[in-house]
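**Q** Sequence:
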Amino acid sequence: MSSRAARSYPYAPDPSELPLLRGEVVAGWLLSRVVTGAAAWLVLGSAACGVLALAGLWHPVVAGAVLLVLGGVAARVAALVPARPLPVWAAAAVAAVAVAATVWAGATHSEQVLPRRDSGSNLQAALDLAKQHTRPVEVAANSVGGPEVLALDGITLASPAFYQVGTNADPAIQPQFTIGPSAAYSVAWWTGGAEAAFWAPAIAGGFGVLAFGLLAALTVGPRWAPLAAVGMALCFPLLHVNRSTYSEPLAVMVLLAALAALAQAARSARAMDVTRAHSAALVAGGLIGGGVLLRVDALREVFLLAPVAAFAALQRQRHAWPLAVSAGVTAAAALGLTWLTSSEYLKSIGGSLLPLAVLGGALVVVSALLVVLGRHRSLPPGVQRWLPLAGGGLVLLVGVVLASRPLWQTVRQSAADPGSRVVAGLQLRQGLPVDGGRTYAEQTLVWMSWWVGPAALVLALLAAALFVYRALAVWGEGNELPSWTGPLVVAVGSTALTLYRPGITPDHPWADRRLVIALPTVVLLVVGLTAVVTRWSARRMPASVLVATSAAMVLALVVPTAMATWPHRTERVESGQLAAVGDVCSAFRPGDVAMMVDSRAANEWPQVLRGQCGVPALSTTSALRSDSEGLFAAVGQVEQAVEARGAQLVLVAADSDDALRALGIDRIEPVVGKKWEQVLEDPRLLEQRPDSLVALPMQVWLGRTG
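Quick note, the working numbering runs 303 ahead of the 1-based positions in the sequence shown.
Be careful, since some hints might not be right.
[To be verified] Derived CB-CB ranges, DEER-like:
#1 G781 with S707: 36 to 44 angstroms
#2 E498 with S446: 28 to 36 angstroms
#3 V632 with P684: 38 to 46 angstroms
If you are wondering where the hints come from, they were derived from the structure by calculation, not from laboratory data. Idealized CB from N, CA, C, for every residue including glycine.
Could you put together the complete structure from these sequences and hints?
**A** Rendered as structure tokens:
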């Protein structure tokens, strides 16, 4: 990531003019088009899905035609980003690593079907969208006994990650989260059912590795791109999310493609190619803003573009405004569409969005002031001289503060938060002091060190300080900023904000998906520092010292990462769960109406039965389940209403059959029992790195009232 390196690679010439470079031109062109086109297609398809789903038209025929057209549009969008010649061997090596990462994650994919985690919730939302073609999904009140049933206290259609909206007479289910993951995984479901849906995140993860290799080639240098791709592919938290239907594989792919386009926009601006700089900036901003359709947290990267655009504007680089405008417009449109399709979700995370909005607003205001003031006055010579040292020192200070937090801070949230009760239970079972309000946010750098090692974190911090120093030195000299400045600001800024406030229940390895931007940033910084040291050493040190130094830095990254991932190399998390769900589905008869009567059933099964099994399903609130007399009375009322419409009520328990026996049910059918006790899941550890799986017993009992 040196300015010297940024200047040493020209833009792609006409292949007919430089026949000796034809292979390099084609390799760079192909890698850029594939990465940018895939990201653009995903964003455009997500937006189209949101619009069509609101109209009830997300049908395979309609969606297929629209996606075919958008594929052509995405190809045209990709053509707006200039391609850089790349050595054929480097592009081929990156592609090979991406394919290997895809096969690895796909062959060891999880089967998280129950909405116990976001991956299962995304799968169920996608399945519902694929079958019902609309969002939210209307539920016929008569199918569950009529509006009077939904009017009963403690009786609801809602379950974790699925909200009940509308009225009791005209209810609907609105899934949590943004529309993008549902769009992508619903298309995969149409294509090949559950197996295709399970492979889809692995494919997206492979494209992410490909995009990361391209970004490394543009910012560090082509010969370092394969090493960067390997470093990312080996990181277990990225492998973990690529095995399951999370939103992160999709969001990371889009963000990395956007950062590559951002680097190309800056390179075009440096080459005085205004047209290409404008077009690449439009694509970069559009992808980052459109990323909100995949992950609301993408607003963080949108706001971080403000200082990038401000510094570009101060240098009279004309791509600054296209970048800012495209990011702002697409983010606003994506947030609006998210409100229309997932309003309850946005309401539920308002406490997290408000601080982000305040921070983003402050960044925008400060950036605007910098542009206004910078155009009328220049920095005093003393400030220009000390600014690079101050910037680099600030980066080091932030790193030291984040690393030292466990020594002087214990981060807590409200004890009334639902996550606090989860944490308290985990602490009790793991023999830790019970303090449910703890978020363990002060431990985030420890989490990082588990997966890449402490040496890599130190090298990454030094690299970030060095590159900030270099960028500010170039800017203070009145020269154009290096093309890697924008990706550096966005990636390092997003990493710092994530480490400060991860905003997730701190059980591992589940919580480590918050690191899917931070870890690639560490990899890129270490590879960038290795490249700088290697180039410097090549002119000043003997060859033996050069090789030893470079090898030591590479090994400091790759060896701890590989060792941390090794215990998880063949894991199949929750393998067998799909078959277990199939057994439960087949146990129901036409005309059955399911009602959850214990906590695990209420947490895991309502949407699975409704969406995957096609069984009308009711749930109960924790308040009703804790009131044995109230629950008994409610079951009787629901049973009467359901039977009046010619159906039969089936009570569902998943903790044990105790709740059914307490309700006086004699006809109890165990559906999933000991044969499924070998289903394994990731552990939920608070202060240790997980290195194995634990048992997840699958248990369901059905009680028939009639």
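**Q** Indicate, hint by hint, whether the structure satisfies it.
**A** To see whether the hints hold, each was checked on the structure:
| no. | hint | result |
| --- | --- | --- |
| 1 | G781 with S707: 36 to 44 angstroms | 37 angstroms, holds |
| 2 | E498 with S446: 28 to 36 angstroms | 30 angstroms, holds |
| 3 | V632 with P684: 38 to 46 angstroms | 39 angstroms, holds |
Every hint, counting from the list given before, is met by this structure.
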